[in-house]
Amino acid sequence: MAGRRWLQRLPRRIRSDRDAEAARELQDHLELEAEDLRARGLSREDSEYAARRVLGNTTLTREEIHAVWTSTFLERFVQDIRFALRSLAKNPGFTLVALLTLALGIGANTAIFTFVSAAFLKPLPYPEADRIAVLRQRPLRALPGVPAVTPVHPRSFVHWQERAQSFEALALAQTVPMTTEGPDGPEQVPGLWVSQDLFRAFGVHPLYGEDFSSDSGLRREEVRSGGTGPVILSHGYWQRRFGGDPAVVGKSIAAGRSSAVVIGVLPAGFRVGTLDVDVYTPMRIDRSRPDAVGSRSFLCVGRLRPRATIESARAEMGTIAAQVSKEEPTEKDFGVQVLSLREYLTDGHRSNLLILSGVVGLVLLIACGNLASLLLTKGIGRQSELGVRAALGASRSRIVQQLAVESLILSTAGGALGLCAGWIGSRALVTLSESAVEFGQMADVGLDVRVLGFTVALVFLTTVIFGLFPAWYASKVDLQSSIKLHGSAGGSHVRTRSILVVAKVALAVVLLLSGGLLLRSFTKLSQVKLGFQPENVLTMRTLIMGDAEFRANLSYAILERVQALPGVRSADTIQFLPLGGVTNNGPFQFVGRPLPADRTSMESDVSTVSQGYFAAMGMDLLRGRDFGRQDRSDGPRVALVNQAFVKKYSPDEDPIGRVILGDWANPMTRF
Amino acid sequence: MGRKQPASDRLELLQGTLDMLILQTLKSGPRHGHDIARYIQGTTDDLLQVEHGSLYPALHRLERKGWLAAKWEAPRDGNREFKYYRLTPAGRKQLSREESKWKQMSRAIAQVMWPAEEH
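Top to bottom, those sequences are chains A and B.
If you're matching positions, the first sequence starts at 1 in my numbering and goes up one per residue.
If you're matching positions, the second sequence starts at 1001 in my numbering and goes up one per residue.
Keep in mind the hints are simulated off the structure, nothing from the lab.
Don't take each hint at face value.
What the hints assert, rightly or not - To give a feel for the contact side, a few chain B residues facing chain A, derived at Cβ under 7 Å:
1) Pro1030
2) His1052
3) Gly1053
4) Pro1057
5) His1060
6) Arg1061
7) Arg1064
8) Asn1079
9) Tyr1084
10) Arg1086
11) Trp1102
Unchecked claim - Straight-line Cα separation of at most 20 Å, EDC-like style, residue types lysine to aspartate or glutamate; simulated pairs:
12) A:Lys122 <-> A:Glu327
13) B:Lys1083 <-> A:Asp28
14) B:Lys1083 <-> A:Glu63
15) B:Lys1083 <-> B:Asp1046
16) B:Lys1071 <-> A:Glu45
17) B:Lys1071 <-> A:Asp19
18) B:Lys1065 <-> A:Glu21
19) B:Lys1065 <-> A:Glu63
20) B:Lys1083 <-> A:Glu343
21) B:Lys1083 <-> A:Glu31
22) B:Lys1093 <-> B:Asp1045
For each residue, glycine too, the CB sits at the ideal point set by N, CA and C.
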């Protein structure tokens, strides 16, 4: 039948069920009408043609039926989108500039927000993480050379542990490198020396085995292994070294010169704040001799009891610290600081992030300003087009809607580009800052739900800021003048654009100035005289355990081997690398001079170095002699001082040959 | 509009009137689109030429407003399915509303055209 062929020729874009139904309805009508006409005597062909003529334009009819059922808003919206896409494609220059500007503005904000999200919004990976607190000590008076917050001394810790009611678990931790056997021979892995309750403080339980909290268990393992005792492995190390073998509990690993027994494995992803270590070893603190484990160099973590808060803990610990400072002479001048874990992790970064967020926010504003003026100009250029539309009957809201859709498309596309740019920027920032800054959750900085949501919100915001306003403006179409004249620039338009330009310039100047200042500080910082030559200097870190003689012999043996390597001019050891932020520090006094009234007024940083250090670092000696072989442990103790020391403590007499007493070691001669 | 081929004697129906006629036609029972067109033409002896092209949009509009309900079914004497429209209770109410409106308007027009002797 001719009718069937007609059905097959249906244009493909009409696909909805209702549409097919309407088509079928009309087709039925055609056939019935043709039947009627045939009954009246027309030929088959004639009846068909006549029926079609009676029915009229079926395509139009079907569109009318379609229009009955679809919501006009959606139709118009789709129409606007198509039109906007076409008009954007026709102005590739404008579209490109707009997209780039948006990508930059949104991208910068997204990049910074990944950090903000990781630092402040992302939940910490521990159960009830807001109940975990970090305690630090705070010198009550400003002491020279001592920072505003310090790690915790075990003496204070044992008192806190006894007396604190706010915490259900308090623990100490310290990083220690561990020498163990790797696949290629001995290797050094990062380890953490932790007191009994550390895992309880974080609310984490081992995946396999047990943790250090059961005293009897620890002792049993110590006796059994005969070595350095039980250890707990991190998930990552367990995977690498034992291939994820569930029967790892009870196996031994090499530890230093002996071995240790694995008693547990931790769940994946666990780390202590920023410390991601491979092996955990237990710390036994003897309450009668807390100094045996070390001095003021421990991380202290605690878990609040259910009904305690950080504030209440702070008050209680303040009182306890005051008591302890009266009881323990070493703790005399120290108070306590209680921070939530998150506060601790973001300490020092908060203001930076805030400033950065402000800066990129301003950048986005400038971008919006640019886009607004671009669109405004474009809108003025379209006055004739808009005038025609208005004349044809488009209401003002209709025109605004269409222009707004254009802005929406621009900002959505720009937002997508900005998301990519932001991700790239974020990755770059992470790489750049990883070496310089120990950021709380750097490993977690990346695109996540929050960042995506933030970007989407930004897209909407930018649409509103730069889209609606020019749209509203451009739609103020004066019908007559717009159609007659081509591109008339109204007076009010000029004033708006001037305001925009002024605002943008002001913001840009602010940003440029701040950026310039920052750059200058950075350049100056990198030009500071170090006092030594860092070029071509390589550093290695290792921990050697044992008595003094063993350590000395091993160090010299290593030094000799290193010095024998081709390409090595000189080698040495030093206790703490310069500019690393860690030094040994303590008061001293000259022998033969009256004691100063304030015992702590003469303090100095001390570093233990091996001979050849100054040669290796390219430092020159002003007077006297360098360390030599005769200054090994059996000879008289000697020391070298720097110019600042001489200026401060011995300006009028020759320091060479004087003897000083120091707290850090036995008496030394100054050289 | 280029799609129409009006014959000289045929009256063109306003959209509102077409709606009313459709509703009335369906008062006596469900019919499908062609049936409705044939009925109106037949009852008026072809005087009222229903624009077939506007019949179907009208039917769909009435269906969307809830005055008609539609169902694909086969007539008693056949096995081929057609889309049958029937009047809903809401449609009945609308019909009586339209009816009274139409009566009012025709009375008003008649008064202008043929003023009654009383006045």
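Outcome of the hint check:
no.	hint	result
1	Pro1030	14 Å, violated
2	His1052	5 Å, holds
3	Gly1053	4 Å, holds
4	Pro1057	4 Å, holds
5	His1060	5 Å, holds
6	Arg1061	5 Å, holds
7	Arg1064	6 Å, holds
8	Asn1079	14 Å, violated
9	Tyr1084	11 Å, violated
10	Arg1086	15 Å, violated
11	Trp1102	23 Å, violated
12	A:Lys122 <-> A:Glu327	41 Å, violated
13	B:Lys1083 <-> A:Asp28	9 Å, holds
14	B:Lys1083 <-> A:Glu63	19 Å, holds
15	B:Lys1083 <-> B:Asp1046	24 Å, violated
16	B:Lys1071 <-> A:Glu45	31 Å, violated
17	B:Lys1071 <-> A:Asp19	15 Å, holds
18	B:Lys1065 <-> A:Glu21	18 Å, holds
19	B:Lys1065 <-> A:Glu63	18 Å, holds
20	B:Lys1083 <-> A:Glu343	71 Å, violated
21	B:Lys1083 <-> A:Glu31	14 Å, holds
22	B:Lys1093 <-> B:Asp1045	28 Å, violated
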